[in-house]
Structure formats: structure tokens, C-alpha cells
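Using the sequences and the accompanying hints, generate a full structural model.
Protein chains: 6
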Amino acid sequence: MDLSSLVLRELAARFLEEDVGYGDITTLATVPPQARGHGRFLAKEALVLAGLEVALAVFHTVDNTISLDCAMQDGVHLTPGSVIAEIHGPARALLTAERVALNLLQRLSGVATATRRYVESVRHTGVRIIDTRKTTPGLRRLERQAVRDGGAHNHRDDLGAAVLIKDNHIVAGGGIRQAVERARAHAPHTSRIEVEVESLEALDEALDAGAQIVMLDNFAPDQIGEAVRRAAGKALVEVSGGITLDRIEALARAGVDVASVGGLTHSAPAADIGLDIERIG
Amino acid sequence: MDLSSLVLRELAARFLEEDVGYGDITTLATVPPQARGHGRFLAKEALVLAGLEVALAVFHTVDNTISLDCAMQDGVHLTPGSVIAEIHGPARALLTAERVALNLLQRLSGVATATRRYVESVRHTGVRIIDTRKTTPGLRRLERQAVRDGGAHNHRDDLGAAVLIKDNHIVAGGGIRQAVERARAHAPHTSRIEVEVESLEALDEALDAGAQIVMLDNFAPDQIGEAVRRAAGKALVEVSGGITLDRIEALARAGVDVASVGGLTHSAPAADIGLDIERIG
Amino acid sequence: MDLSSLVLRELAARFLEEDVGYGDITTLATVPPQARGHGRFLAKEALVLAGLEVALAVFHTVDNTISLDCAMQDGVHLTPGSVIAEIHGPARALLTAERVALNLLQRLSGVATATRRYVESVRHTGVRIIDTRKTTPGLRRLERQAVRDGGAHNHRDDLGAAVLIKDNHIVAGGGIRQAVERARAHAPHTSRIEVEVESLEALDEALDAGAQIVMLDNFAPDQIGEAVRRAAGKALVEVSGGITLDRIEALARAGVDVASVGGLTHSAPAADIGLDIERIG
Amino acid sequence: MDLSSLVLRELAARFLEEDVGYGDITTLATVPPQARGHGRFLAKEALVLAGLEVALAVFHTVDNTISLDCAMQDGVHLTPGSVIAEIHGPARALLTAERVALNLLQRLSGVATATRRYVESVRHTGVRIIDTRKTTPGLRRLERQAVRDGGAHNHRDDLGAAVLIKDNHIVAGGGIRQAVERARAHAPHTSRIEVEVESLEALDEALDAGAQIVMLDNFAPDQIGEAVRRAAGKALVEVSGGITLDRIEALARAGVDVASVGGLTHSAPAADIGLDIERIG
Amino acid sequence: MDLSSLVLRELAARFLEEDVGYGDITTLATVPPQARGHGRFLAKEALVLAGLEVALAVFHTVDNTISLDCAMQDGVHLTPGSVIAEIHGPARALLTAERVALNLLQRLSGVATATRRYVESVRHTGVRIIDTRKTTPGLRRLERQAVRDGGAHNHRDDLGAAVLIKDNHIVAGGGIRQAVERARAHAPHTSRIEVEVESLEALDEALDAGAQIVMLDNFAPDQIGEAVRRAAGKALVEVSGGITLDRIEALARAGVDVASVGGLTHSAPAADIGLDIERIG
Amino acid sequence: MDLSSLVLRELAARFLEEDVGYGDITTLATVPPQARGHGRFLAKEALVLAGLEVALAVFHTVDNTISLDCAMQDGVHLTPGSVIAEIHGPARALLTAERVALNLLQRLSGVATATRRYVESVRHTGVRIIDTRKTTPGLRRLERQAVRDGGAHNHRDDLGAAVLIKDNHIVAGGGIRQAVERARAHAPHTSRIEVEVESLEALDEALDAGAQIVMLDNFAPDQIGEAVRRAAGKALVEVSGGITLDRIEALARAGVDVASVGGLTHSAPAADIGLDIERIG
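So the sequences go chain by chain: A, B, C, D, E and F. If you number the first sequence the way this note's numbering does, the last residue is 419 and the count never jumps. If you number the second sequence the way this note's numbering does, the last residue is 419 and the count never jumps. If you number the third sequence the way this note's numbering does, the last residue is 419 and the count never jumps. If you number the fourth sequence the way this note's numbering does, the last residue is 419 and the count never jumps. If you number the fifth sequence the way this note's numbering does, the last residue is 419 and the count never jumps. If you number the sixth sequence the way this note's numbering does, the last residue is 419 and the count never jumps.
Some hints here could point you the wrong way.
Copies of the same chain look alike in the list, so a pair counts if it fits in one copy or across any two.
Unchecked claim - Below, in silico cross-link-like pairs of lysine to aspartate or glutamate (DMTMM-like), each with a Cα-Cα straight-line distance of 25 Å or less:
no. : residue 1 : residue 2
1   : 372       : 346
2   : 182       : 336
3   : 372       : 355
4   : 372       : 319
5   : 182       : 224
6   : 182       : 305
7   : 372       : 395
8   : 372       : 343
The hints are simulated quantities; they were obtained by calculation from the structure and are not laboratory data.
Structure (C-alpha cells):
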């Protein structure tokens, strides 16, 4: 597997530390140490599932004898009432870990669910839906995965992973051509050079300078088609900024290659998932 | 001040590490080291501001010569177009820190804005609006503060800070009376004992056992008034679960003392705040 | 179980790092890697046992094949010569871990033993003996547990867990009434408000302001009875400061509810526990 | 200076995190942000001062504008009532940091005070009083310094810093001679080889094998003089185990070079130091 | 600036912790606290300088009043005897920090010096010399910078930053075409797809599948020219594996675009740099 | 065992974090999760093996089901083509961990190989070859072990582990005698006092002051024999600085006890070790 198990355990430990503090005094006082519990995770609304792995890591960090039998897996679309997983283990551990696990499952499934809507709306087109760097601080790895579980792709992971020349870089760098040249000279040869442009003139200049991806910022709908034509065969066309479900189909028809949507991660409401712990005794 | 400056710096460093990776290669390639920048944070919609402190910590972690002149402070209600703060400093640092600072400001202002709506709706009543443990993993301290900036209060900070006996604790603990007694014997004398109840019978039992706070779970509207009457003089009454802006006024009229609202933190959309970096040269 | 296994492992690793440094060069030089050892923990004086869990975590951090068979458990009163536990495992690991494990066992059993004396002296009264924040920096969680193993209770875990208004808060806050009101408005509704008072007049003012716990500071013995009478039915009465075994019975007879004793943690001598490693070959 | 400032800041941050938790809710509620305070640290009993540096680091970690004017310095013997230092700064920060700073000062001064008694009792002899590895887990660096402030010396800092061959190493290593040879072959040439012996025969064997320090374990008083004579010119003589103030003078007269005393760190009661915060407004 | 100051301070602290341990006992014993020192860093052989920033961070971590006046900057070629920098500050701090600072300067200048030789040998060609992932574990960021100071470029920073399909990926992925397609579907659109090929046939297949960079593995010299011709206009050509100064010119003449050289970081000998501390008193 | 397993896991996690970043996107895209792999580590040149333990820790950190069957062990001299170990496990994990494991094996075996050459050259003499503090920052523990695997010994582990008085300490301390006396008074009695001398006069002064080890700095070859004669029976003689394989035999004949060689760690080229992953399917 990937490094993720290590990363998941570190995140789980940090989140539990935050939520448990000096100890779950209610559970310690009322639940006998030998009591065992059994619970079911249920989808309480239609949703796309994400976050099972980290939720399991949370339970295992508290007690690694807990077992989680997953009826579903990340990326699956669930109808209301679906059973997601069954969980067994020491009752104290289940109660102590429950909230952190649910917070993660609900939030990440919220991201996957919002993402799936965008992906579905452009299913029969060639548009790639991607996320942005507008993720929740501290949760980028998890939200990146939830976006993939939703069926979309990721933009660069961090500022070191790819070049994206924006307006301020152009001003500071002495124009588009010079900024592209500096970026190409500085960046690893494995990275494409992306330039954000605000007009067709700037688009032409970026293409001429050798940009391999152009990001259209606030282009009027009728300009987008023209931009796609000019970039054809030269660069990928990405649209960004204020992209909603209403607009996404028109953008796809216009022929853009990539649409980056900040709302996938910055404003997706939590999905409604419950954990009913049924027997403790 | 409090420990917060230490905590804020640690969080800022972790979030920057996540977003910057091996370095902002675009900015390093295109912006000269001596270039300076100047920017303005603007409210692009009506919102309640939160997160200025941690946003400043982010900038200072990258470069502690950056200055931030705040026109507004956390907790203030802003109209669209309001200038929040002006920022000056080395252009590279501003560009590298920008995204993390904005992600925090937008998310925390989103929490404060959602909170303020609930607070306003019960302004002339005695109801205390509070948050829950349904916070974003890793951000609880920041979101707790944003809730206060929105004008509401906090529930217990973590599982060690107070006793809240829920259904599973009651089942495992052998009934309400026994659970309350065990909790009182175990918990610090500084903590009130709170019990979640699902019926008027359970309410009576909890009051009789000496619960100091009762949390009404899924009570029908007409039962809430009765619960308030029975608890009067004996315990605070908290309502929780599925509380929306629509319901909050009726709850207030029914006389509850506290309403805990998970949505303040788990589903508030990000507030729209922009940073226009105007001059770099 | 609780989060404790995670916390214990972190503490064990940190303490071993401190004691082992670049490696136990004596053991590495003289003990063959395949040698196995067998040891017995013995109480060398009468004591109340505490710290077995963290001691085991220390051994397991060095080598998780070590087995520890406990004849006794935390909280038990032992006579001199009692066998506490038998330990088996690789001889190198036993020798490397021995000192850290003993340091913890001795110190925490010292706390539990001192605590038990206070608890015994008020056994047939209603007084709750509690600890204070005068714990060893870095060991609060462990010492809190040792105090419970000794049969006493804990005060608030940290400054965020409960309100305790002291003299300086009263001066800064504009008097008792105002300080209590501010605290109630700011603190979670799950926290009782405690006020430290230095005279009967201040006590009356605190009770009148709605304090739910009053802490009597340096009250003369004859005043304590009067304070208990005034607070009856209104607030719990806690005494604090300079409480010794000599005074504790009189305080109990006077009817106080809670006595907080700093000496449980700040001045308890280490209990005398030995580890005889008997066979290594 | 040494690395200590870095280490002190890390320790201070960890200890504050433990004591402050989610924030000092009492102080935040009752003390206005602009209030300033002034305090005096007072010795409430005769003591030897230790811990000023780390106490200052604690205050500076909370607020680095706090000023501490020290009237005394670590290592000084104080009479009851002596003013140790005056402190000025924001009242909130003073109140939040106070407990951690005092816990450290009291504990470390307790170590220095106990140490000084031993040092004084052998002042006109050549005996070097030293500590052991029986320090408080997590505080070794601070307690090592407090022992020096008390006028004594340190034994090896950790298991990697020097060789000390004990009974179990001898059994496992095939006898004293072989253990010494292995240790000399393995250990850095900068380390002396120390051997613990339980009889005069073992002493002779250790000296013969080239031990450079011999530690006499449970020798009868009359045997110690003989051991000193045999070791003269060949090895330093250290006594260890059950050394009390009563016995120390006789040991010195017998001519031992070094006496290691576990009680300096494992059972010293906290020294009584107060912090009177006098004006807050 | 970039995040580097934060990163540098963390690295400096970790490295000092490793080298200083419980404290520089020699310096503390022999050098008075008020003594001041003055030193000069000298190049003792011809070299390209790298590592000044982190060396300064090391000194500042021990004592932030140390001043370092740099006569030279990273990336400059120095003749033997050149003065690199002058340093002033407390003598204890200079002596304690000296070794760690020198270890870094010498190692990183060694990397920059080795790199410069490769860069010079292809100066008038279009070949880009780059490093590999064969860096010293824990020092990648510093060695990446030293490679740039030497005048070369970097390959991808880590496994998440770009796609490089090697033989095992091709076997597991079902052939070149399928592996490239899977990579393109999975990787961010900002990353070029690089494929390692071992024959001209594999090269053709990779180009046909749309590889944007081809890495020639162990190609015979005469095959390289042919490979360059076939890739012209379709993909960048990188050579890797066993590249030495002897071979680099021929590779350049053959027209490759990029040559990755593991030896820049895995086998560069340390450069000889001295620090003469001249006055202490 | 020693603490090493804990330390190794921490180092492995840090190094993997550095190399893997947000995830091995190539492997995740092209290798199916259920694929298994099998590899062989091969010595591609004559070398002395070191680093197997930490290499294994790297694989286990990514996936603890990986098995490593070692045909050889650390410290063994290998001929070209020797199989070092066979490895089996999930293909993804093998590919993700491969580079970090190899980087460590190659570097540490390089150190062991260089060390062995020095050790062999003085095999039939009494000279002890040792390393210095000129290790790679962050890798000291691993390189110390590799030096021992090469058959040599270690100097002090860090500045706290032993006293070494150099020229600057002598100047600051008021001469050799005073520096030695201060060091003996300050340092633990378990540490020998070592003094660096630059002339026979200084040597005499150091011996007279009681130095137990003298380090000859830049002594002419004919002076070394004289120095050895003067120190005989009084102190160990260590030579340091510019020691190469050419000179080492002459030094041995001159009768020195210890030769410290910085080049063992600061300039050893990486050993050539390959990992052929043969089947993945």
C-alpha cells in the first residue's frame, strides 16, 4: 500500500487527542471495562461514501481489537437507510472514538457527494472536474482522496508540485513571456507550465510563450469557445472561478478540458451519517 | 494573553507545511526577492468576521516583517465590499501565504456568520446558542473561537471537560439513576452532570437522580414546554438535534435554556472574502 | 479502553529517549543478544500501588515480547515484601528499560500511598479528598490516575476545564458579583462556578452572586463551621491550602464537602519498590 | 550560551499545553485584556533557589513582553521572606502562566535544597556528592541543573554516556574480568569503566580487571575503609544505595571519593515559594 | 521569502539536539559565560559554496545575537584561502554550534562543487543537469538547494510530485500503453508523464502512447542519437544511470535534453571548509 | 534489544514522509492493489554491509506484512554479485519504499566499507580506529552503527558525553592546567579528560595537569614517537586530523593508541547496491 496507513494513524491520533482530552470521563464512570458494543453506520440521506479508511484508523487508534465489517466501500453511491458498516468491540472504545470517526465520515462523504454531482453533470463530455487548494487546513490529503472517491481529479497537491502563474506573478515577473520563461528555467522538467489569463490577448501571449495549460479567469461564456479554438493543439484549457452546477454543462459544451471547483471542498455540507450502537452490556 | 499565540503559531506552521511543500516554485521563479506587495482583504458578501488572528499568524510564520492593519475586528458584521484589513510586506511571502490565510478566514467567518443568524433569531429571549463536538477535526480551537465571535457559546471542549450521559451510557450503566450516581462519584466536583433524555418519564428520573442539566432528544414541540416546567428550578434544559433556524424561535418561546446546534460548525459554507494584491514591483 | 494506551506509549517513548540516549552501552557490551531474563517487582515497604500500566508500556516500547504477570493491581495496599509482578523477556531489553519503569512505579506509588493516608483518615465522613494543579510538569495524567488509585478524586484537569475565581480575578473583575457574572456568561453551561473567599463577608457575597462552589482560603478553624452553615443548600464547600493529616479530621467534622491537598502530588516521597532480576543466561 | 534556551522553550510549551488546555476560561472571563499585573516571588522557608531560567521561559512562552527582575540567582541560599524576583506584564498572561512556573520553581528548588544539605555535610572532605538516574521522568535536564545549583555533581546523563557494570551484567557477561574487557572493547575510549561490587573479593577482581571506578554496594561500614585502601591509586571509590545525611559523614571519613544519592531527586519535597500578584487593574 | 526560514529552524534544532545532547560540558566548564569570540570561515580548497543559510540558522538557534557577515554567497566559486564569512558572538555559543554548522557547510558545498563540474562540462550545450531521489535521507530540501547553487536543476521533489513510469510499473500495469494511460487518468493534469525505456522499440511504444518525457536506461552510445531523433518534437529525452563526467559531453553532443546524475548527492565528498575562531577572552 | 527499534521506526517514518509526499502517484496509477512483488538486494561491487535494520524498518513502516529474508548480516564483507536479502510483499509497498531503503543501505554500507579499509590496515597493531563528530546531520546514530559494523569504534556520541579540551577552550580557560582542572571539577567522574595539544611542550603540560587522553594535532611524524614515549603510562594517545590510509600504518608503528578519522563519515562514497524486483503480477 501507499504511505497512507502511516499518515492516517498520525491524523487519527491528533484528532482524538483534540476530542478526548484528559479522558472520556462519562464513559469511564458509567460503562464497565468488560462491556462490549455493536454498532451500525447508516446513511441517513443519499450520499457518496468517503472516509472509511480514516474512520477505521480512529477506532483502531483507541483500541486495535475493534473490528469493522464494511458493507460498502468509498466511492459508492448510497440510498437513504443503507448500512455502511458494522462495528464490534469494547464498548468504552466505541463510545470514545465515535464522534471523531463520524465527524470525518460525514465531512468527507459531504465532499464526495458534492463532487459526484459535478462529475455526473459532465459524464458524457471530456471535461475533467478537479479540486483546488481551497481545502480545509489540515485535511488536504483526506479531502483530496474524497474528491477522487467522488469521481473527480486533483489539481496540484501543493505549491511545490506544479507551476501556476497568476496575475501577480505576471506583474512581478515583467509580463507573460518573461514569467513563463523564468518558470520553465526554474521548475522541474516534469511540470507543465500553467498560466492564468484574463483576456483573449493574454491567452494568445501565453500560448505564444509556450504555456502548456491556460486557465481562463472570468471569461464571458462566448469568449470561452473562442479561447478553446485558439488553444487547440497547443495547450489544455482550464476554467476556474465561480463554477456552479448550473454553468458546468455549458462549459463542457464549449470544449474546455478541465474545470476546477473550489466549492467541492470549501463549502460542501456534511453528509448525514449515523452510528447506532445497539447493544452494550 | 492566553496560550493562543503559541497554539496559533503551531497551527499556522502545520497548515503552511501542508500547502507549500518543497517551496512555492512559481513565486520563486517569477517574483524578485526584493519585490514588495500591498493587498486588501475585502468582504465580498455580508458576513461576520472571524479568524483574523490565525490569518495573521500564517503571514508572520512565513515572514515576520509583514504588517497587517486591521480596519475591522473579529465578531463585526460586515456589508459587502467592506475593507477588512490592509497588508504590506515582501511580495514573495504575501503570495506564498495568501491561500492558507484565506482558507482560514473564509471558513471561520463562515462559522461566525452562520452562528450570528441563530443568535439574532433569539436575541430577546434567554436562550443560549452553543456549538457541539461536531467540529472539523484539527480545527476545534479555531472553530470554538469563531462560534464565540458569532455571539454564541461553547459546549464542553472535549470528553474530559464535562459529563454528558447519553443513551448508551444509561444502558451500560444500569439505568439513569445509577449512571448519574456513578458519574457524580467519578467526575470532578466542578462539573455539572448532564443527562440526555428521550421521554418525560426519563426526564423525571433524571431530575430525581440529581441531573443538573437535561438534554431533550427529539422531543415533540408540545412536550418541550412540559419538560421545561418539570425541570424548572431543578436543572437547565438543553435541546439538541436537528435544530434549524425555523425551529429556534419556537424553542425559545417554550423556555429552554440552551440550544446546541451542530450545523454551526459541520455545514457552514465558507464566507466569500477576497485578497486583492494590488501593487508588486 | 480510553485513549490512555496511546498516551502511555508516547510518554514511555519520551522517557526512554531521555534515559537511554545513544544506547545502553554497558548492556550491549556485556549481555549476549540471545540472553533471557526473569525478574520480580517487590514492595520493600508498605505502599499503595500505582503506575503498573505505564511501567508495562515502558517495557513494551523497548521490546514488545516482554511479558508482565501482575500479581497485584493498581490501588491495592501492599505489605512489605509483597510480590507485585513477574517479568520475563530478553535480558537486554529488561536491563535497558528497568530504570525508567521503576522511576515511574516508585513515584506514582508514592503519590497513591500519600493519598491513601488522607482518604483513610476521613473514611467515615462525607469529605472528598482531591488533588490540585500542583502536579509534576509533564506527569499530570499519570499523577491524576495515581491519586484515583489512592482512592481520592481529581480537581479540574486544566485551566480550560472549569472556572475557579481567585483573589486576583476578583480584583481585576471589579468585585465578586461581577466576576461571577462574567464567568457564568463566558464559561460553558456544563461548568460549575467556584469562588475562592477569604472571609465570611466574601463568602456571603459569593453565595449571593450564585457561586456553586466556595473555596475557603485560610479560614480559622472556628470560622469553617460557620461557613459550612451559611453555604448549606447553596454551594459545595471546599477547603484548600496547608491541609495536613493532622488537620483533616477536624475539617471533616466541620462538615466541609471537599478538601484539596497539594501535597498529594508535590511532595510525596517515592515508594520503595525493587526489581530483582534473578536469572540471566 | 548552551542549547538550553531551545530546550527550555520546548519544555515550557509542553508543560503549558498540559496545564492550560483549551484556554484559561476564568482569566479570560474576568480579567480585561489591557490589565497589567505586578508580582513578587517570595521564599516562604529557607531554601536553595533553582529553576529561575525555566520559570522565566514559561512566562515568555505565554507572553514575551513579561519582564522578570531577579533579585537572586539559582544556587543562592535564601532565608524565609526573601524576595526572589519581581515580575511585570499583562495580567492575563501572568495569571495563566503562574501555576506552571511555580510548580517548576518549587520542585527544582526542593531538589537544590536537599542537595545542599548533603554538600554542606561533607564540605571539608574530598567527597563528591552526585545524583543518580532516579530522576523524574521528563525532567532530567532540569533536575541535573538543580543538583548542580545545590552544589553537587552529576553521574552519567544517560545509559549511552558511560559504562556502569552491575551484578546482572556480570552474571550475563561471564564474570567480572570478562565483563570489564568487553566493556572496554565496546565503549568509547573517553569513558571510564565503572563496576559495582558486593564484596571485597569482587572488589579485588574488579581492580585486577582494570576497573577505573568501583561502586561499593551495601558494604558494611568497616569494610568501606578496607575497600578504600585496596583501591587507592587504582580506582575511584563510589558508594551508593541507602545513603542518608546520617551516614554521609562517616563515609567521608572512610575516604570514599564519590557518594551517589538517589534521594536528591526522587524524594525531595517541594520548596515553599509564593507568588504574590499585587496589583492588577 | 519562502517557507524556508521555518524549515531551516526546525532542521537546525534537530541537528543541534543530536550533536549537543545534555550540553557541551567542555565549553561550559572552561569558557566563562561573558567571553566573546570571533571567527572566520575559510575555503581550504577550490569549491562552490552552499549551505550558508542553514549554517546561520544553526548559530541563531543556539544564540540569536550571533552575527554573521558574509563575504560570499551561495553559488559562488571560491579559490583556496577565500574568506567566506566572519562571525561574532558569545564564545560559548560559537563553540557549541561550530561542528553542526561546519558539517552542513562542508557537505552541501561538496554537493554544489560536484554539481558545478557537470554543469561546466555542458555549458555551451542545451543539456539540463538534474539531481535524482538519491539524496541523503533527511537532507533532501538542503541538497536540492545545493544542486541549484551548483547551477543544475532538480528532478521531481518526491513521489507525489510527478509521474515516472519504470520497468516494474510497466510489467504490473500491462504494458507501456496501458501504464501511460492509467497514469494520465490518475495524475494531475499539471504533471508530464515520463517513461523509462530500455530499447528503441520501447521508446517508440512510449512515444506512441503519448509519453512527454522518455528516460533512456542503459542505452548504448550510438543508440542515444537515434533515440533523440525519434523523440524529436514529441518528448523530452532524459538519460540516467551511470553518468560520469567522462560521458557527459558525448551525451550532450548526442542531443539529449536532460541528464540526471545520482552522484551529485549520493557520493560527493565534503568540501574542505575551516572555521578559525581567533579571539576568545 | 536496545531502544533502536523505536528510533529506527521514527527515522524511517521521517525519511518516507520526505520521499513520498502526497503519495506515490505512479505506483497507485499503474500497479493493482493486489499485485505482489519479489525482489533481491545485490552487492554490485565489493563492500561491507551496513544498514539492513533501518532498511527493514523502512519497508515495515510502509507495510508491516513485507518479509525480508537476509542472506547476509551487517558487518559482513561481500564480493560483487552477492545476494544480500530477498524481499516479498505487496508490490505497491515494495515500489514505494524501495528508494529510501536503498539510499540508506548504500550510504551506510559506504561508511562501513571505508571504515573496514582503515581497520584492515592496522589489524595486527593495537590502534583503535574511531569516528568523529563529522557525521551527516540527522544520521549520527545510523552512521555510528555503520562504523562499528565496519569494525571500528566510536568517539563520544555528543558534546555532553565526554570532555575534549581544544585550543579555544585552553585560551578561554586560562591555560591547559586551569582548563583541565575546571573540566575535572565540572564533568561527571565517569568521563576521562581529553586534551588536544599542538606541541611537545603542551603535551607535557597536559600530562602534568592530569589529562587522561591527549590528542596530537598536526604533529610531525618524528614527534609522534616522542609524544608516545612521554605519555606512556600516563595517558592514551590519540591522533586526529588529515589521517589517510597512506599514513595510518606509520602512525600505528609509532605506537599511538587511537586514530580518529573524519573521512569515515564525511566523505565515504555510497556503496553500489541494487534491488531487482523480479516478479510483479
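Could you work out which of the previously given hints the structure breaks and list their numbers from low to high?
The structure breaks none of the hints.
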